[in-house]
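Asker: So the chains spell out like this:
Number of protein chains: 2
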Amino acid sequence: MVKAETSYAGDTQLEEALRAAGVTTPVDAVRELVAGVAAAPDGYEDWTVLVAPKADAALRSQLNALRAEIVVATDGMFPYGPAPAERLSALQAELTRRALDGFIVPRTDEHQGEYVPTRAERLRWVTGFSGSAGVAIVLTERAVVFIDGRYTLQVLDEVDTDHVEPVPLADKSPWDWVAETLAKGATLGYDPLLLTESSVSRYRKAAEKAGGSLVAVDDNPVDAVWPDQPAAPLAPVVVHDEIYAGDSAVDKRATLGAALVEENVAAAVLTMPDSIAWLLNIRGGDVPHTPLPLSFAILRDDGSVDLFIDQRKLSPGVTEHLGNGVAIQPPKDFGQALEALGKGGRRVLADPTSAASFVFDRLRAGGAEIVNGTDPCAMPKSCKNDVEVDGARAAHRRDGVAVTRFLAWFAERAPAGGLTEIEAAEQLRAFRFEDDLIRDLSFRTISGSGPNGAIVHYSVSEETNRKIGLGELYLVDSGAQYLDGTTDITRTIAVGEPSPEMRDRFTRVLKGHIAIATARFPQGTTGAQLDTLARHALWQAGLDFDHGTGHGVGSYLSVHEGPQRISKAGDTVALKPGMIVSNEPGYYKTGAYGIRIENLVTVVPCDDVADSERTLLQLETMTLAPIDRALVEVSLLTDDEMAWLDAYHIRVRETVGPSLDTAAQEWLDAATRPITG
Amino acid sequence: MVKAETSYAGDTQLEEALRAAGVTTPVDAVRELVAGVAAAPDGYEDWTVLVAPKADAALRSQLNALRAEIVVATDGMFPYGPAPAERLSALQAELTRRALDGFIVPRTDEHQGEYVPTRAERLRWVTGFSGSAGVAIVLTERAVVFIDGRYTLQVLDEVDTDHVEPVPLADKSPWDWVAETLAKGATLGYDPLLLTESSVSRYRKAAEKAGGSLVAVDDNPVDAVWPDQPAAPLAPVVVHDEIYAGDSAVDKRATLGAALVEENVAAAVLTMPDSIAWLLNIRGGDVPHTPLPLSFAILRDDGSVDLFIDQRKLSPGVTEHLGNGVAIQPPKDFGQALEALGKGGRRVLADPTSAASFVFDRLRAGGAEIVNGTDPCAMPKSCKNDVEVDGARAAHRRDGVAVTRFLAWFAERAPAGGLTEIEAAEQLRAFRFEDDLIRDLSFRTISGSGPNGAIVHYSVSEETNRKIGLGELYLVDSGAQYLDGTTDITRTIAVGEPSPEMRDRFTRVLKGHIAIATARFPQGTTGAQLDTLARHALWQAGLDFDHGTGHGVGSYLSVHEGPQRISKAGDTVALKPGMIVSNEPGYYKTGAYGIRIENLVTVVPCDDVADSERTLLQLETMTLAPIDRALVEVSLLTDDEMAWLDAYHIRVRETVGPSLDTAAQEWLDAATRPITG
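Quick mapping for you: the protein sequence lines, in order, are chains A and B.
Note that numbering that gives the first Met the number 0 gives residue 78 to position 79 of the first sequence, counting from 1, and the numbers run on in steps of one.
Note that numbering that gives the first Met the number 0 gives residue 4 to position 5 of the second sequence, counting from 1, and the numbers run on in steps of one.
In short, the hints are calculated from the structure, not lab data.
Treat the hints with care, as some may be off.
Unchecked claim - Keeping only pairs whose Cα atoms sit at most 25 Å apart, straight-line, the calculated SDA-like set for lysine to any residue is:
hint, chain 1, residue 1, chain 2, residue 2
1, B, Lys204, A, Gly366
2, B, Lys510, A, Gln539
3, B, Lys575, B, Pro562
4, B, Lys171, A, Asn263
5, B, Lys567, A, Gly523
6, A, Lys567, A, Asp170
7, B, Lys588, A, Asp607
8, B, Lys171, B, Gln111
9, B, Lys204, A, Pro351
10, A, Lys204, B, Arg346
11, A, Lys510, B, Thr506
12, A, Lys567, B, Lys567
13, A, Lys510, B, Lys567
14, A, Lys588, B, Lys171
15, B, Lys575, B, Pro379
Every value quoted in this text rests on a predicted model; they were computed, and no experiment measured them.
So here's chain A without its partners, still in its complex pose (with noise of 0.2 Å):
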């Protein structure tokens, strides 16, 4: 995180600097590069050299100082709670204006990511709402907002429920909702950019039972009346290295070319950043938590690739990088791009499970033979190769020893009584930050105590921080981006003595983590095969936890990668060799405490069954830090299961041990002796 330690002293005087730096850009040039630079989150890279590549410290401070100076504009747009009740009324004068009777405003931008952009934030904006998920519909006299289970609470919180009403998912879908509500003959737009092809054809369909039409704007009218929104972001794009990627991006670009030659597809268009960041071997950090460059690509057989990005946020060397099989060209002209593609009716590729709608619009627009398929990205980007498992194994060797000291000076600080949430927090980060290459946290930390941990995807703040407390289990699930692997790891530790039901629940929750860990497998079998050896336990006792067991993950990526998952709903993805997956069952008792147990898994083969007679996998744990013994009732395990749970812990002793002080170490000891012991 790069702070600004200066106020930013004006434009003559970075005018000045700049001229001393051999830069002849335009101070209002720069001014606006800062502005998208600003839109980013705070990164680790040094965005300064989009600027002036050979800037002295003062110049750096200066910039720095100006960035600061729109963050904190930005930062007031965004209040806590309900949006100024004018923001929607505009809207809503907006749309009449434009003779519409109702728009969608969707959290989602144009990549359909989990994390968005500042800019992107209308939902936001417009509402006052701020989970990762919902969508609202504003009709000019009335307003919605679908939320789901996650944020029920919350909502009441954010929202000024005089004007938007929170509808649940659970109780209502948004398109029954809009085939119920759109009055005869009403016109109800979107904006195609931000919606799926397949979310876009469900809008329709009820807008058209309702007797009304879904229209499709140019430009979206939230922008119009947001006269102070955020730039798109600019955060540096620098190059992902080889010794990392284990793979050339023109060997990627080569292979997948061919494969699309095999498929009589002329190209394929790709929307999602992280597939692009895989494929060219480029990092960014447009968003939080995610090293993404927000763009979009086309990929052609020839394997040569369209990249449709901001030029200015391109660090010095990633053209060169890029080559000249990639032709980098401004988002503007990715529609004319589309339409151009199709041509001669030629066959393209894309998704509509993830792709705008506007990519099908202008595809069809032009012509092109439409080829609904997956992202051909997402199956060589999640099967990783050697390279990129053994950085995996790495990252997780060294982030082991960064929890490991958190869990050992927490078992040390915690008791004494009056630590909080988000101190725990910090202090881990702090660990965590003591690595070279570390880059950020995969992210946001949930560090929950109490009743807090049975929130699922509890994001601890100031006005929820607590004290945790003795008798309390403390959930803490993290990560964190290193530049060779991303970590993801929960622990739930008791504070003083846990009761005899923590210890039944935590037991059977561990039950469901050793099947995961220990499951063989024959190829083909799919995640959701999978999913129920982590329920049995608590399925038994009439118990179960309400997520996924397990989510795929990126290298050096996303921290939620698909397509491979360890979840209920029947995916047909088969788990492959080098897949990363997490191991992650809970349970949460509402109002008292949560529990899950979550390490990183990547599937490999099963040479060891002597006599078998099928082509085995199995899942290998990489984290590393210890389960609290504490929490386990000994007379629930198999004799399988403690001795899967001795030989980790020895696993973990002697990997992470020799990295740690001799405190930490002696903690280290008697954490992973042996259960029976």
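Position chain B relative to chain A; hints supplied.
Answerer: Chain B alone, transformed into the frame defined by chain A:
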């Protein structure tokens, strides 16, 4: 089974006898009716009531003799082995006459069921292939038959490979073959009554990809060249008593009609005879082993039904049972009725995965707005009411007695040597047929010893019949149709001393079986989620089985019923109370032996878990017969697994024991003693 004891005396004598019995039907019409009866399998019901409700023994005997004469003629139509080559060439000549370049000959009939009447065995008549699934594509110069893994060997014995080329479905789908093989401009014909809507659309795409076209024919060209094609079957339709059905047909119609109103659908098209049988509380006998009255129906939103069925097959009293709400129509009027149904653009429900494309064609022709959805009978039919579940329990108790008697007999007889698979199956059948409520076996008994046991869908014949040897495993999978329930059970028995490997494999299969039998799971859980529990112990040793863990079972209906099942295919149908499914993990060692342990289970609430936080369900095992203790490797079982096996055996002993003779009882006592005893 009704056998003719006399030979047919001639039409004149028959005419006289009919007149004496007060029957005025002309003898030609009687002959036609008997031909229909002869086209159905041997059945339990007295079909002669269809001709002469008050026939005396002499007349019944004459009628049976006439039927027997026709049956013999039909049997000659299907010699074992390749069909006479002139059938294929006659069909090819017919195609040329009709200016078709090819024709699709599926194994299915108009109802897409598992069993088809003789008349519909077009695939077998043309090629000789008698498998239960498959499709031929006959071009004017060439023919191929697509078969699945079960039939790769059998097809070589049954088709003339000089003229018909077998293609494993694993290598190529029929649509891919069409896309690659059909000539540009060529026309490929199909019978819209025999292919589903979804199947037709795949063939159409394939034909168009090849530059050809897919053409519906009005009458099937195979029928045109099959001079002695059997009639449509006319097995007697009888009332299924409410003491077994548990609910009146009037109530069922009213409930389903109301559900259509709810969905704003004017009518639903029913093409599955088991749905119609369930809805109207009737049963028939048109196909083997399943009491189906082949027919179509239209259910309207007022609960009334148009039943398209040959009136001649209705036994006395059925029309009265059906009542005013059910209009009986000739099958030939079905198409017109579909067209009429759509008038005014009414919304009509049809199931694209089970209804013939003919249904959609005619609905569209009439202007209907087609609502694609599941057959509305499917879900209520699968969730048996209390009377049906109690009936199934009772049927299983009696079936358990028959099976246990067989097992005791087998234990005595088999080790002496010389016993054949056919003899064993016949003895089992004989024990079952001592019951008053039995009507049929529920499928052809699988009676396989040694290597034959490893053939999952083994069907014993004179050619494959083996003597059951010492040191072998014997697998018997069988079931019966009782008025109060359908059964299906598999037991695997060691003859003499089993090998350690057999015991290891059997015990792993048993562990899977017990995991399903003891699973508790939250409401909403699908069979797909449970499937893994049945495989886990096998996977850990590198083993698996290549079939589903469980199929749905009807109530005196199909032994294979949807939508419920336990399968790794990612189903989204939740298991609901009253559903009956099989629990049948297995293991197969090709060329050596097969193992399968199958009980039927029904989904029931689970209320005995203290502090349960979820609405729990579990599976009640209904099948009652001992599991071979000699094959259990006790060291592989957990204490809980041993407890389950012992408790199950006590239940078998207490329930079945009292109905056995002393010798069988003694055997059962030994066979059900504690596993560690």
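Asker: Hint by hint, say whether it matches the structure.
Answerer: For each hint, the structure was consulted:
Of the pairs offered as hints, the one joining Lys204(B) and Gly366(A) holds, with about 20 Å between alpha carbons and a cut-off of 25 Å not exceeded. Among the hinted pairs, Lys510(B) with Gln539(A) is consistent with the structure: their alpha-carbon atoms are about 16 Å apart, no more than 25 Å. The straight-line distance between the Cα atoms of Lys575(B) and Pro562(B) is roughly 11 Å, inside the 25 Å bound, and the hint therefore holds. Proposed proximity of Lys171(B) and Asn263(A) is supported: the alpha carbons are some 19 Å apart, at most 25 Å.
For the suggested pair Lys567(B) and Gly523(A), the alpha carbons sit about 11 Å apart, so the restraint of at most 25 Å is met. For the suggested pair Lys567(A) and Asp170(A), the alpha carbons sit about 21 Å apart, so the restraint of at most 25 Å is met. With a CA separation close to 21 Å, the supplied pair Lys588(B) and Asp607(A) stays within the 25 Å bound. Simply put, Lys171(B) and Gln111(B) have alpha-carbon atoms about 22 Å apart, close enough for the 25 Å limit, and the pair holds.
The straight-line distance between the Cα atoms of Lys204(B) and Pro351(A) is roughly 20 Å, inside the 25 Å bound, and the hint therefore holds. Our distance criterion of 25 Å between C-alpha atoms is met by Lys204(A) and Arg346(B), whose separation comes to about 16 Å. Straight-line distance between C-alpha atoms of Lys510(A) and Thr506(B) comes to about 22 Å, which keeps the hinted pair within the 25 Å bound. A hinted pair counts as satisfied when its Cα atoms are at most 25 Å apart, and Lys567(A) with Lys567(B) qualifies at roughly 12 Å.
Annotation: proposed proximity of Lys510(A) to Lys567(B) holds, straight-line Cα distance about 22 Å (limit 25 Å). With a CA separation close to 52 Å, the supplied pair Lys588(A) and Lys171(B) exceeds the 25 Å bound. Simply put, Lys575(B) and Pro379(B) have alpha-carbon atoms about 10 Å apart, close enough for the 25 Å limit, and the pair holds.
Checked against the numbered hints above, the structure violates only hint 14.
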